[in-house]
Every structure is written in structure tokens, then in C-alpha cells.
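Protein chains: 2
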Amino acid sequence: MSAHPLEEILHPRSIAVVGASNSGGRGGGFVAPLQELGFKGDIYPVNPKYSEIMGLKAYARVRDIPGVVDYVISSIPAPQVPAMIDDCVQKGVKVVHLFTARFSETGRKDAAELEQDILRRAKSGGVRIIGPNCMGLYYPREGISFNNGMPKESGPVGLASQSGQAVGEIVFLADEKGLRFSKAISYGNALDFNECDYLEYFAQDPDTEIIMMYIEGVRDGSRFFDLLRSTAATKPVIIVKGGRGTSGTRATASHTASLAGSMQVWETMVNQAGAVSARDLEELVDLATGFYYLPPIKGPRVGVAGGSGGSSVLAADICEEAGLDVIPLPVEIREKLKANGSPIWDWVGNPADFSIGYDDFNVGGMIQMMDENENFDFLILFMSGPWFRGGDMNINKLIEEHMKRFNVEDIKKPLLVVFQERGRGNNTDPVMQNIVNEIKKRLMDANIPLFSNIGRAASTANKLIEYYQKKK
Amino acid sequence: MSAHPLEEILHPRSIAVVGASNSGGRGGGFVAPLQELGFKGDIYPVNPKYSEIMGLKAYARVRDIPGVVDYVISSIPAPQVPAMIDDCVQKGVKVVHLFTARFSETGRKDAAELEQDILRRAKSGGVRIIGPNCMGLYYPREGISFNNGMPKESGPVGLASQSGQAVGEIVFLADEKGLRFSKAISYGNALDFNECDYLEYFAQDPDTEIIMMYIEGVRDGSRFFDLLRSTAATKPVIIVKGGRGTSGTRATASHTASLAGSMQVWETMVNQAGAVSARDLEELVDLATGFYYLPPIKGPRVGVAGGSGGSSVLAADICEEAGLDVIPLPVEIREKLKANGSPIWDWVGNPADFSIGYDDFNVGGMIQMMDENENFDFLILFMSGPWFRGGDMNINKLIEEHMKRFNVEDIKKPLLVVFQERGRGNNTDPVMQNIVNEIKKRLMDANIPLFSNIGRAASTANKLIEYYQKKK
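Residue numbers (my numbering), protein chains in the order written: chain W, 1 to 472; chain P, 1 to 472.
Don't take each hint at face value.
If chains are identical, the list can't say which one is meant, so a pair holds when it fits in one copy or spans any two.
[Stated by the list, open to error] In silico lysine to aspartate or glutamate, DMTMM-like type, Cα no more than 25 Å apart, as pairs:
{"id": "1", "residue 1": "K336", "residue 2": "D392"}
{"id": "2", "residue 1": "K91", "residue 2": "D392"}
{"id": "3", "residue 1": "K152", "residue 2": "D429"}
{"id": "4", "residue 1": "K336", "residue 2": "D110"}
{"id": "5", "residue 1": "K94", "residue 2": "E438"}
{"id": "6", "residue 1": "K336", "residue 2": "E421"}
{"id": "7", "residue 1": "K109", "residue 2": "E335"}
{"id": "8", "residue 1": "K440", "residue 2": "D429"}
{"id": "9", "residue 1": "K412", "residue 2": "D371"}
{"id": "10", "residue 1": "K109", "residue 2": "D346"}
{"id": "11", "residue 1": "K91", "residue 2": "E401"}
{"id": "12", "residue 1": "K235", "residue 2": "D429"}
These aren't lab readings, by the way, just hints derived from the structure by calculation.
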């Protein structure tokens with residue numbers, strides 16, 4: 001079995017950045033992220049106006065580069081691209097990532113023709129194209145990135161996105177949830193490789209366990225849905241569709257020259273293929289977070305604990321509205337509370353309201369009892385950081401006591417935590433922020449996904465349940 | 001015209017805290033917030049076990065207090081309350097806030113009878129009751145609070161909430177949006193004053209321009225909806241209903257002994273009364289933020305700017321799905337771009353995508369053109385903080401340049417800003433956090449409300465439009 005065509009081009013021995021500069025613009029930008037992420041091969045800045053860029057020797061043209069050039073990033077203006085492609089053909093380049101835009105997405109006939117001319121030249125010369133009009137590749141293990149500040153660590157999430165902005169936003173959102181990427185590719189106008197190629201690639205990629213996609217338009221619908229069905233049978237595929245309504249469809253045309261189709265047909269096809277739809281990038285990351293950390297959730301019966309008063313009542317409403325089943329507190333738990341002498345054994349319910357604080361009634365104990373009770377399919381817990389009162393408090397002790405109080409690190413059922421960070425200026429207090437970050441890390445290390453509110457936790461759980469039931 | 005019964009009791013000359021202690025529990029907690037917020041009258045801790053609490057002389061019983069006692073906060077156990085009420089009657093106390101719980105919300109017959117006994121004693125002795133089972137009053141101008149860390153500043157928002165937890169959460173959420181409160185009252189089981197009294201009070205309160213409510217159950221539906229109709233005609237009333245489904249209804253019974261009714265009837269009645277429904281506390285605060293900062297929004301035609309790539313496409317989708325009309329970019333703006341020589345005059349649309357950066361095409365200029373164009377009813381702008389590169393950057397200059405670039409402080413149309421804080425570790429960098437806070441403050445000072453994502457901005461705008469259209 002020969003390797004996938006994308007596999008062949010994703011391990012370049014060297015990268016040339018055509019249109020690089022020292023002026024801090026995007027050209028220079030494509031050199032700096034490679035240096036920052038520690039790309040091991042040679043980096044060749046190409047720009048006839050410079051002899052040196054970002055500390056590296058610069059070349060006037062690709063063909064002037066002495067060594068092998070496998071991968072080219074282009075940020076030169078569109079009209080200069082055909083000649084550059086010819087240069088790449090001559091040099092034996094494997095792939096050109098065209099950050100260069102102003103092609104078919106402009107809606108102009110001459111620009112669309114220029115795009116086709118580029119494709120012809122590349123194809124006949126054996127050069128593949130990523131883009132045009134996109135940010136290209138983020139591949140942490142190979143040290144390839146298009147943005148500064150992207151995480152250096154790899155992980156099991158693969159992302160193919162028609163929008164480069166979306167890749168940046170998704171990677172940073174995912175970073176806050178402890179999610180890392182195998183590869184993330186933005187592919188813009190999909191002139192050569194398209195959504196099918198990227199999906200097919202991630203389907204067979206052993207480094208990728210969860211697939212995310214942001215798609216504006218599909219070039220080959222029949223092949224795409226066939227691939228989606230076969231891929232979703234083995235790996236969760238989560239898709240955000242951009243261009244769902246009239247104005248969004250108009251926006252996709254000018255963004256990546258995509259023709260968005262009927263949303264109803266799209267939703268049905270995605271659903272039938274066994275993939276999962278997300279409405280926006282936040283939901284995309286929430287769902288991946290759920291798939292990454294949680295074992296399969298077998299049913300909708302949820303136990304909710306850790307909230308108090310109105311937040312418990314609203315949690316019940318919101319869970320139910322999301323399709324979950326907030327069952328009454330099982331009689332076994334009530335009996336256990338009674339046996340322990342709790343004065344509120346007949347009052348507490350599900351959600352378990354912790355506004356009445358008794359020493360014998362603690363959230364850790366409740367979560368433990370819910371975990372042991374067979375009536376619950378999974379659990380949701382409200383948590384905030386401990387209250388840091390300043391001064392010479394022992395921070396490590398504070399964190400240990402907090403973790404002990406909630407006692408969630410050994411919970412066996414799927415557990416989602418709603419982590420409430422806001423309020424009381426905690427966000428701007430660096431000590432408090434460190435405490436919160438440490439606790440979040442502890443939870444993620446125990447395979448517990450974090451959500452910013454109950455609505456997002458409940459909706460994620462419901463979509464995971466549907467996914468696993470469909471799969472069964 | 002005599003003052004509203006609540007007005008009479010909200011300006012106490014002194015407050016006694018029965019059940020106060022030095023042990024840092026809730027009893028002491030009710031003394032400390034009064035001291036922190038600077039309550040001007042006398043504070044009398046009451047507890048026979050102490051001679052001094054939080055630096056104040058403590059008394060064994062209310063009747064032992066030498067001076068006048070207008071207002072009593074009770075955190076003693078439920079069985080001790082009747083005798084304490086008798087004491088208050090003897091002392092001429094005007095109102096007792098019963099933080100004390102374990103009454104009808106327990107579902108126990110004897111507890112419900114105890115509650116009724118307390119009501120009888122209080123009524124016959126001329127003492128009014130707030131609660132029981134609630135956090136009571138936050139009234140910043142009078143220096144009254146039940147939580148530490150509540151803002152000292154007053155504002156035009158009045159809040160009546162059956163849940164005390166919800167008051168705390170709402171006040172802190174609102175604080176992040178620059179929203180302040182006239183009074184916020186949590187009223188729990190509504191034994192004496194109920195939702196009608198609080199709504200009636202805020203309706204006539206000259207300090208309150210926007211009314212928020214969190215309600216689990218209504219004691220007098222007919223009077224409530226009459227009041228709601230007359231109040232909503234003059235002030236926006238935003239209501240979150242807790243206990244909408246089966247499990248939530250179960251939760252309201254044990255939380256505040258409320259009987260939640262049919263949600264469909266409720267929604268219809270709220271809608272017909274001209275009030276606004278919110279699904280959760282975040283939406284409640286979003287809506288109040290919109291009402292507070294914005295002039296009436298006359299229609300659904302929105303101009304969106306400042307996003308880029310995928311975020312622009314998804315913004316169009318999400319706005320349309322929320323009921324807004326993302327109209328094509330008006331021809332006048334296109335002509336103006338063309339006349340200015342912009343190379344992308346025929347490409348840019350609405351949402352205006354700023355992924356292609358040209359010097360002559362800037363977000364401030366676009367917002368200005370949208371503001372001057374009569375086809376837009378209102379505007380939404382994406383903004384994040386400026387990119388702080390560390391070192392000896394001049395922070396004030398950075399902020400000034402940022403504000404100048406977006407140029408929104410003089411926009412005349414209603415403008416909502418989606419402020420994107422997250423990503424790239426900005427949240428944990430104190431310098432970056434200061435920059436972001438300063439910019440947010442500048443925006444709020446210019447009467448621009450901030451939202452954390454496009455979905456929340458779009459939904460808020462749509463509900464405001466519906467409110468103003470119904471009012472007309």
C-alpha cells in the first residue's frame with residue numbers, strides 16, 4: 001500500500017518562504033513560526049529585495065536555492081504566482097502552499113482563470129497545491145506552523161478547515177481544554193487537494209483519533225459523504241458548516257469561492273453518515289473535548305451535583321431542554337443519607353443542591369454515591385476555584401483540600417465538570433488564576449473535560465449519547 | 001400618596017444580626033458585608049454566646065439592644081425563630097430577613113406549620129418578613145449587602161430573585177459588563193412579601209430603570225401578570241423562570257417550596273405582558289446590558305464588521321439564525337470604496353471580512369460608513385485586545401492606537417461589540433489583562449455593550465428589537 005498523497009508532502013526536508021520579508025508582515029511571519037516551533041529542516045526565505053531575512057540567507061528565486069526544496073509557502077501577489085510555480089516545477093518542489101489570495105473568491109473572471117492556469121502548470125509539473133487563500137499547515141511534531149504562539153505539543157485531534165482564521169481560533173480554544181493536534185490544515189479555495197483528500201488522509205492517519213472539520217462548500221458531494229460514512233464508523237468526525245443561510249452563503253462565495261448547498265440536505269447527510277454537527281467553533285471544541293476525555297456515555301440519565309439554589313434549578317431545566325434525563329435521586333442514595341444521619345436526607349434531590357451546608361453532606365460524598373449507583377449513566381459536577389483570601393495562605397494545601405473536597409479524580413462514570421471561573425475579580429488576580437489553572441490541569445489529567453456553563457456541558461453530553469447510540 | 005411598604009423598610013436606622021458569630025460562618029458573614037459596604041447605621045450582633053463579634057458589642061437577645069432596631073437578619077435555626085419574632089414585635093422592629101431555612105421547602109408538614117406560625121406572629125405584631133430561606137438585601141447606596149466583595153456603586157438595575165445564589169451570580173456577571181444595581185432582593189419562600197410586591201416596588205422606584213427577575217413560582221398569578229403588563233409598558237422587565245421542566249419543577253419545590261406551572265402558559269403570559277424571557281442568568285445579564293447601553297433598535301437589518309474569514313461566515317449564519325437580517329453591503333458603501341481606490345471594493349461584503357489587510361481598508365472606516373448608511377438599523381463589531389508584545393512597549397499608546405483603529409466611540413447607531421478575550425494565554429498575562437480591561441472600560445464609557453460571542457450578541461439584539469416593536 002503506497003502512502004497517501006498528503007503523507008508524502010507533509011514531511012518536507014526543507015521549506016522555502018516566497019515573499020518573506022523583515023518588515024514583520026505576513027511574509028516574515030511565515031518564517032518566524034517555523035523557527036519558533038523548531039522546524040528541523042532548512043528554511044529558505046525568498047525575496048529579491050533582501051539578502052538576509054530573520055537571520056537566514058535570502059534568495060531571489062526558488063531556483064536559486066542550492067539545496068533540495070520540498071515545500072514552498074507563497075505570499076507573493078497573485079499575478080506573480082504562475083512564474084513561481086514554473087520555478088517550483090523546475091526545482092522539483094513537491095507542494096506549494098498558496099497563502100496568496102485574490103483568485104476565484106474575488107468573483108472576477110480573470111482571477112478565476114489565473115487560478116486555473118496555476119493548477120494546470122502545477123499538475124503538469126507534478127507539484128501539488130494547498131490552498132490558495134489559506135494559512136496552510138500546523139504540524140507540531142514536524143515543527144511547522146503559520147502562527148506564533150501555537151502549542152509545540154502534539155495530540156490526537158486532526159483538523160481540516162477551509163478557513164485559516166478558524167484554525168488559529170480552534171487551536172487556541174482547544175489549548176484551554178488541554179486538547180492537542182496531530183495536524184491542522186487550512187485549505188481555502190481547495191484548488192487541488194480538497195475536503196475529500198483531507199478527510200481521507202485523517203481517516204487513515206494513525207496519529208489522528210478525532211477529526212474536526214470547518215467546511216464552507218463541498219467540491220465532490222458524493223465522494224465526500226461516502227468517505228464521511230466510512231470514516232465516522234471508526235473515528236468521531238465533528239463538522240461545522242459555514243454558510244448555512246442566505247447571508248452566510250454569500251459570505252462563503254467571497255471567502256473561499258464555495259457554493260453552499262441546502263442546509264437541510266446537508267444536515268441529513270451528515271447525520272446519516274454518523275458524523276456530528278456543531279453550530280460554531282466553541283461547540284466544535286466542546287464536542288472534541290467530550291470525545292477525547294470521556295468513555296462512551298451509554299444513556300441520558302444524568303446525576304448533577306455541586307450547584308446551589310437557583311443554579312441547581314436552572315441546571316435541571318437546561319439539562320432537560322438539551323435532551324437529558326434528570327432522574328429523581330435514587331432511593332438507595334436517600335437511604336444511605338438517612339442511615340448516615342443526615343438531617344436533609346428527604347430534602348436533597350437531583351440536582352443535588354449544596355446551598356444548605358452540613359458537615360456530613362458534602363459534594364465529594366454525593367458524587368461518590370452517584371458514581372456507585374447504577375441508575376445514572378453519567379454525571380455533571382459544578383465546580384469553581386477555592387476562595388483565595390490572600391496573605392500567606394498555603395496555596396498547595398488549598399489546592400489539595402479543594403481536590404479532596406470534590407473527590408472526583410477516581411470517578412468511574414463519565415464525568416463532565418462545569419468550571420465557573422468568573423466573578424469577584426478572580427480572573428484578574430494572578431495568584432487566583434494560578435490556583436484555578438492548577439486545578440483545571442489536575443482535572444484534565446484525570447480525564448475530566450471542562451465546560452464553561454451547564455448548557456454547553458449538557459448539549460455536548462447529548463450529542464455524544466446520540467453518536468454512540470447511532471454507532472451501536 | 002404613601003410610600004410603598006417596601007420603601008418604608010429599606011432604609012433602616014440600624015440592623016441587628018441574630019445568630020452572628022466570630023467563627024467565619026454565615027452568621028458572622030452577615031456582619032462583615034455591612035461593615036465592608038459601609039452601612040451608616042448601627043450594627044448589633046446578637047448571640048448569647050459572645051460578648052463581642054467582628055469588633056462590635058454583642059447582645060444576647062434583640063430586646064437587650066439599647067437603641068432602635070429597624071431591621072433584623074436572622075440566621076438562627078428554624079425552631080428558635082418564633083420566640084425571636086416575638087422579641088422583634090416587642091422591640092418595634094419593622095422587618096425581619098429570615099436567612100433561616102428548613103421551612104416549607106423541606107416538604108415536611110411540621111416545618112410548613114412552623115412557617116405559618118411565624119407569619120401569624122409577625123403579622124399580628126406589625127413586623128414584615130423577607131424570605132425565609134434567602135440571602136435578603138443588596139442595596140449599595142445604603143451600604144447593605146449579604147456577600148463580601150459586592151460593588152459599592154449604585155446603578156439603574158433592580159433585581160428581585162427567589163434564589164439568593166442567583167443574586168450573587170447575577171451581580172458579579174453584571175459587574176463585568178459595567179452594570180450596577182439600585183437594589184437586589186432575594187426572597188426565597190415568599191412567605192410575606194412576594195414577587196408581586198417586589199415587582200410593584202421596582203415599578204414605582206425612581207432609582208430603577210431596568211427590572212430583572214428570577215422566579216420559580218408565582219403566588220398570585222392574576223395580580224402578577226396585571227402588574228407585569230403595566231410595569232413593562234414603562235420599564236423593561238426581564239425574567240428567568242426556574243423550574244421549566246419535570247426535574248426543574250421538582251427542584252423548585254425543594255428549593256423555595258414553589259409550584260411551577262405550565263411553561264407554555266407562562267411564556268405566553270410573559271410575552272403578552274410585554275416582558276422579556278431569558279433562558280439563564282447569562283442571558284438575563286446580556287439583555288439588561290443591551291437595554292442599559294443601547295438606544296432602541298428599530299429593525300433587524302444589521303451590519304457586521306471586524307471579523308475575518310470563517311468567523312465572518314459563521315457570524316452571518318448565526319445572526320440570521322437568531323432572526324436578524326444580514327443585508328448585502330449597500331451599493332453606496334461599495335461606490336465609496338471604489339472611489340477611494342480600494343482594490344477589494346467589489347469583493348467585500350456584509351459581514352465585512354477583514355482577513356485581507358489593505359491600508360485603505362480599515363475596520364474603523366467601514367464602521368463609520370455603515371453608521372452613515374440608512375440601510376442598517378444597527379451594527380455588530382468584532383474586537384479583541386491589541387497584541388501586546390511585551391518589553392518596553394508604551395501601553396497607553398497601544399491602547400490609544402487600538403481605539404483609534406476601531407474608531408467606535410462616536411458611532412450613532414446602536415452598536416454591539418463582540419469582545420474576544422481568549423487565546424494565546426492573554427487571560428493569564430496580567431499586563432495584557434490590564435490592557436483588555438482598560439479597552440473594555442473605554443467601550444462601556446462610550447455606551448457600547450460587550451458580549452462574549454456573536455451568538456449572544458445576535459440573540460440579545462433580536463430580543464431587544466422584538467421588545468421595541470411590541471411596545472410600539
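Hints, verified against the model:
Taking the shortest alpha-carbon separations for K336 and D392, neither the intra-copy value of 40 Å nor the inter-copy value of 62 Å comes in at or below 25 Å. Neither within a single protomer nor between protomers do K91 and D392 lie at most 25 Å apart by alpha-carbon distance, with minima of 65 Å and 44 Å respectively. In this homomeric assembly, K152 and D429 come within 25 Å of each other (Cα to Cα) only across copies, at 19 Å, whereas the closest approach inside a single copy is 27 Å. In this assembly of identical chains, the alpha carbons of K336 and D110 lie at most 25 Å apart only when taken from different copies (24 Å versus 76 Å within one copy).
Proximity of K94 to E438 under the C-alpha cut-off of 25 Å is found in neither arrangement, the shortest distances being 44 Å within a copy and 48 Å between copies. Taking the shortest alpha-carbon separations for K336 and E421, neither the intra-copy value of 33 Å nor the inter-copy value of 46 Å comes in at or below 25 Å. With identical chains, the CA atoms of K109 and E335 are at most 25 Å apart between copies only, with a shortest distance of 20 Å across copies and 75 Å within one. Proximity of K440 and D429 under a CA criterion of 25 Å is satisfied in both settings, with 16 Å inside one chain copy and 17 Å between copies.
Taking identical chains as interchangeable, the C-alpha atoms of K412 and D371 lie at most 25 Å apart only when both belong to the same chain, with a minimum of 7 Å there against 56 Å between chains. When the C-alpha separation of K109 and D346 is checked against a cutoff of 25 Å, the pair qualifies only between copies, where the shortest distance is 13 Å, while the shortest distance within a copy is 74 Å. Proximity of K91 and E401 under a CA criterion of 25 Å is satisfied in neither setting, with 63 Å inside one chain copy and 45 Å between copies. When the C-alpha separation of K235 and D429 is checked against a cutoff of 25 Å, the pair qualifies neither within a copy, at 41 Å, nor between copies, at 37 Å.
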